[in-house]
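Each protein sequence line maps, in turn, to chains D and A. Position in the first sequence counted from 1, then plus 57, gives you my numbering. Position in the second sequence counted from 1, then plus 8, gives you my numbering.
For the record, the hints were derived by calculation from the structure and aren't laboratory data. Some hints could be false.
Simulated DEER-style distance windows between Cβ atoms [as the list claims (entries may be wrong)]: (1) D/Gln176 - A/Thr146: 28 to 38 Å; (2) A/Lys126 - D/Leu213: 15 to 25 Å; (3) A/Lys78 - D/Thr141: 21 to 31 Å; (4) A/Gly49 - D/Leu324: 47 to 57 Å.
Derived pair list, reagent style SDA-like, types lysine to any residue, alpha-carbon separation capped at 20 Å [stated by the list, open to error]: (5) A/Lys126 - D/Ser218; (6) A/Lys92 - D/Tyr220; (7) A/Lys92 - D/Phe217; (8) A/Lys126 - A/Leu93; (9) A/Lys126 - D/Gly221; (10) A/Lys17 - A/Lys92; (11) A/Lys198 - A/Gly39; (12) A/Lys92 - A/Glu169; (13) A/Lys92 - D/Arg219; (14) A/Lys78 - A/Thr33; (15) A/Lys17 - A/Thr33; (16) A/Lys38 - A/Leu76; (17) A/Lys92 - D/Lys112; (18) A/Lys92 - D/His242; (19) A/Lys92 - D/Val243; (20) A/Lys17 - A/Ile216; (21) A/Lys78 - A/Val184; (22) A/Lys126 - D/Tyr220; (23) A/Lys138 - A/Leu93; (24) A/Lys38 - A/Glu194; (25) A/Lys138 - A/Gly148; (26) A/Lys92 - D/Pro231; (27) A/Lys138 - A/Lys78; (28) A/Lys126 - D/Asn230; (29) A/Lys38 - A/Gly153; (30) A/Lys138 - A/Ala120; (31) A/Lys78 - A/Gly37; (32) D/Lys112 - D/Leu126; (33) A/Lys38 - A/Lys126; (34) A/Lys126 - A/Val184; (35) D/Lys112 - D/Phe217; (36) A/Lys126 - D/Arg219; (37) A/Lys92 - D/Asn230.
Values in this document were obtained by computation on a predicted structure and should not be read as measured data. A virtual CB, placed ideally from N, CA and C, is assigned to each residue, including glycine.
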Amino acid sequence: MQLAINIAVLAAIYALIACGYVLIYRVSRVLNLAHGELMMLSAYLLLTTASLFSKNPLIALTAAVFLSLCVGVLVYLFLMRRMTGEMVLAAVLTTVALGVLLRGLVVLIWSAQQQNPAQALGWANYSIPVFGAGRISAAGAALIAVTTLIYAGLFLFLRFSRYGIRMRAAGQNPLLAAQRGISLHVIYALAWGLSTFTGAMAGILISLDSGLDSTMVLIGLKAFPAALVGGLDSLVGALLGALIIAAAEVLMIYYVDALLSDVVPFLVLILMLIVRPWGLFGTREELDRV
Amino acid sequence: MSALLRIEKLEVVYARAITAIQGITLEAGKGEIVAVLGTNGAGKSTTLRAVSGFLGLDDARVTEGSILFKGDNLANRPPYLITKLGIVLVPERDKVFPNLSVVENLAASVPARGADRKRLEEMAFTFFPKLSELRGRTAGLLSGGERQMLALASAIVCGPELLLVDELSLGLAPVVVEDLAQRLVEIRGKLGITILLVEQNAAVALSIADRGYVLENGRVVLDGDAARLKNHPDIQEFYLGGAGERRSYRDVKQYRRSRRWYG
Chain D
58 MQLAINIAVL
68 AAIYALIACG
78 YVLIYRVSRV
88 LNLAHGELMM
98 LSAYLLLTTA
108 SLFSKNPLIA
118 LTAAVFLSLC
128 VGVLVYLFLM
138 RRMTGEMVLA
148 AVLTTVALGV
158 LLRGLVVLIW
168 SAQQQNPAQA
178 LGWANYSIPV
188 FGAGRISAAG
198 AALIAVTTLI
208 YAGLFLFLRF
218 SRYGIRMRAA
228 GQNPLLAAQR
238 GISLHVIYAL
248 AWGLSTFTGA
258 MAGILISLDS
268 GLDSTMVLIG
278 LKAFPAALVG
288 GLDSLVGALL
298 GALIIAAAEV
308 LMIYYVDALL
318 SDVVPFLVLI
328 LMLIVRPWGL
338 FGTREELDRV
Chain A
9 MSALLRIEKL
19 EVVYARAITA
29 IQGITLEAGK
39 GEIVAVLGTN
49 GAGKSTTLRA
59 VSGFLGLDDA
69 RVTEGSILFK
79 GDNLANRPPY
89 LITKLGIVLV
99 PERDKVFPNL
109 SVVENLAASV
119 PARGADRKRL
129 EEMAFTFFPK
139 LSELRGRTAG
149 LLSGGERQML
159 ALASAIVCGP
169 ELLLVDELSL
179 GLAPVVVEDL
189 AQRLVEIRGK
199 LGITILLVEQ
209 NAAVALSIAD
219 RGYVLENGRV
229 VLDGDAARLK
239 NHPDIQEFYL
249 GGAGERRSYR
259 DVKQYRRSRR
269 WYG
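Given these sequences and hints, build the entire structure.
Structure follows, in structure tokens:
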């Protein structure tokens with residue numbers, strides 16, 4: 058039972074991060090390799106807002122999420138916007154540079170020490186018994202709930218809302234989208250905003266669960282195989298990929314060795330790339346772009 | 009008649025080296041259907057791209073002349089803003105979003121400023137009743153003719169004042185082309201819009217157009233009323249497959265020209 062709970066929480070973490078990769082890749086074919094860093098930045102932003110609004114945890118949370126969303130849109134406006142129309146590789150390298158910059162910045166501003174935003178908010182991360190047999194931490198339960206909500210929201214948004222449909226359209230054929238009057242800049246900014254929003258939720262909840270230091274980037278990196286295994290342009294794929302990676306990792310830790318945990322996602326990734334390089338739900342013709 | 013679109017002495021250069029269009033002057037009045045004819049490489053598509061703002065993609069730019077839409081110069085405006093002004097292009101290929109359904113394709117269109125989306129969508133379905141049967145169908149699974157219908161319908165939802173149609177007949181059966189051409193006439197009649205039709209199939213284009221231009225090597229070599237063009241001996245011979253020495257297009261043209269010049 059405990060094993061299943063652990064898998065569910067880890068899968069929720071990976072899925073929440075992976076959908077950020079998918080959103081941006083789907084509309085602009087760019088792999089945002091700074092996603093892990095942006096996620097970490099959100100958690101640190103929470104640390105700051107928590108000390109500013111220490112009496113009001115909800116305001117602190119909302120402010121942190123809002124600031125992260127702004128960071129995402131600003132990154133697009135001042136950095137990635139200039140990359141539209143350039144080679145995709147150039148854009149991907151830009152995100153790598155951004156990642157390095159953010160990592161340095163975070164250490165400079167908040168120091169490299171382990172921090173604890175939950176404490177700053179005055180919250181204790183108590184654990185809840187589940188069905189008598191296992192236990193789940195409050196933040197873990199929140200992670201599963203938030204991931205479910207965000208995925209449901211994204212599905213509805215992309216399926217039924219006009220901007221969601223336009224996002225899908227722009228991802229399929231940007232040229233035609235422009236001919237139909239869709240402003241690609243608005244769509245890309247929206248994708249970056251949504252992506253950093255979901256990343257922020259992940260970063261904040263993880264930091265509430267297990268504290269915060271610069272190794273959080275590693276979690277972002279480990280979610281990348283989840284997105285790839287699912288097929289980079291599919292949300293269902295990201296969900297399933299996250300589940301596979303999480304299951305493999307938790308089982309490996311339990312039955313073999315905890316030291317393997319950081320390696321497992323990439324082992325699964327390599328296996329997947331050999332067997333089915335376009336991922337579970339990816340489109341085959343996307344391959345030449347990866 | 010006031011011109012809705014006026015292209016004046018337009019010159020377009022590709023990669024700073026190749027002049028694709030050498031001083032074209034062209035006009036389209038409100039409510040007119042204007043055909044632009046010519047073989048491959050004559051500069052038809054480049055003209056359309058210049059109007060719809062897509063030259064930059066191919067490393068081409070307007071080096072001289074102007075494109076005036078309702079008196080405003082369009083040069084160097086981004087494509088989506090040109091669409092919002094009311095100039096909508098139906099491209100030659102890749103004209104629908106293949107993974108979206110028919111309804112979603114229509115929903116993706118952004119109407120021009122001040123246009124009534126609901127009315128436009130209803131209009132689109134009245135022009136192409138077949139599409140309402142196919143509402144939920146994925147666009148990638150449609151036949152060529154249905155795709156062209158969907159492309160035209162999506163363009164209508166953008167609320168155009170000027171519709172640019174690139175190769176309406178490409179890859180379609182003659183019956184289907186005939187039908188689509190009649191729809192264009194209907195659309196023009198009901199919405200009162202201007203249509204610029206770029207075609208290789210001169211017979212179809214001239215059958216519905218009011219006026220026409222013939223381009224060759226980036227220049228306008230002939231222009232006038234559609235009826236007059238249809239009966240012009242050169243058009244008869246090169247485009248409509250009439251009687252005459254049937255050589256390759258260039259040879260015949262060359263031969264006729266030299267005959268004209270040297271008596």
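Verification of the hints:
1. D/Gln176 - A/Thr146: 28 to 38 Å: Distance hint for D/Gln176, A/Thr146 is violated at roughly 52 Å.
2. A/Lys126 - D/Leu213: 15 to 25 Å: Taking Cβ atoms as reference, A/Lys126 and D/Leu213 lie about 22 Å apart, which means the hint holds.
3. A/Lys78 - D/Thr141: 21 to 31 Å: Taking Cβ atoms as reference, A/Lys78 and D/Thr141 lie about 29 Å apart, which means the hint holds.
4. A/Gly49 - D/Leu324: 47 to 57 Å: 54 Å, holds
5. A/Lys126 - D/Ser218: 15 Å, holds
6. A/Lys92 - D/Tyr220: Holds. A/Lys92 to D/Tyr220 sits at ~17 Å (cutoff 20 Å).
7. A/Lys92 - D/Phe217: 23 Å, violated
8. A/Lys126 - A/Leu93: 19 Å, holds
9. A/Lys126 - D/Gly221: Status holds; Cα separation ~19 Å.
10. A/Lys17 - A/Lys92: With Cα atoms ~25 Å apart, A/Lys17 and A/Lys92 exceed 20 Å; violated.
11. A/Lys198 - A/Gly39: 10 Å, holds
12. A/Lys92 - A/Glu169: Holds - the C-alpha atoms of A/Glu169 and A/Lys92 are around 10 Å apart, at most 20 Å.
13. A/Lys92 - D/Arg219: 17 Å, holds
14. A/Lys78 - A/Thr33: 16 Å, holds
15. A/Lys17 - A/Thr33: 5 Å, holds
16. A/Lys38 - A/Leu76: 13 Å, holds
17. A/Lys92 - D/Lys112: 49 Å, violated
18. A/Lys92 - D/His242: Distance of about 15 Å is within 20 Å: holds.
19. A/Lys92 - D/Val243: 14 Å, holds
20. A/Lys17 - A/Ile216: 26 Å, violated
21. A/Lys78 - A/Val184: Answer violated: A/Lys78 to A/Val184 is near 33 Å, above 20 Å.
22. A/Lys126 - D/Tyr220: 17 Å, holds
23. A/Lys138 - A/Leu93: 29 Å, violated
24. A/Lys38 - A/Glu194: 15 Å, holds
25. A/Lys138 - A/Gly148: Given that 20 Å is the threshold and the Cα spacing comes to 16 Å, the pair holds.
26. A/Lys92 - D/Pro231: 16 Å, holds
27. A/Lys138 - A/Lys78: Violated - the C-alpha atoms of A/Lys78 and A/Lys138 are around 34 Å apart, more than 20 Å.
28. A/Lys126 - D/Asn230: 25 Å, violated
29. A/Lys38 - A/Gly153: It is violated: about 28 Å lies between the C-alpha atoms, which goes past 20 Å.
30. A/Lys138 - A/Ala120: At roughly 25 Å apart (the allowed maximum being 20 Å), A/Ala120 and A/Lys138 break the hint.
31. A/Lys78 - A/Gly37: 10 Å, holds
32. D/Lys112 - D/Leu126: Violated: D/Lys112 and D/Leu126 sit about 23 Å apart, past 20 Å.
33. A/Lys38 - A/Lys126: Violated: A/Lys38 and A/Lys126 sit about 24 Å apart, past 20 Å.
34. A/Lys126 - A/Val184: The given pair, whose Cα atoms are some 28 Å apart, is violated under the 20 Å limit.
35. D/Lys112 - D/Phe217: Distance of about 39 Å is beyond 20 Å: violated.
36. A/Lys126 - D/Arg219: The given pair, whose Cα atoms are some 13 Å apart, holds under the 20 Å limit.
37. A/Lys92 - D/Asn230: Roughly 18 Å separates the two Cα atoms, so the pair holds.
When each numbered hint is compared with the structure, violations occur for hints 1, 7, 10, 17, 20, 21, 23, 27, 28, 29, 30, 32, 33, 34 and 35.
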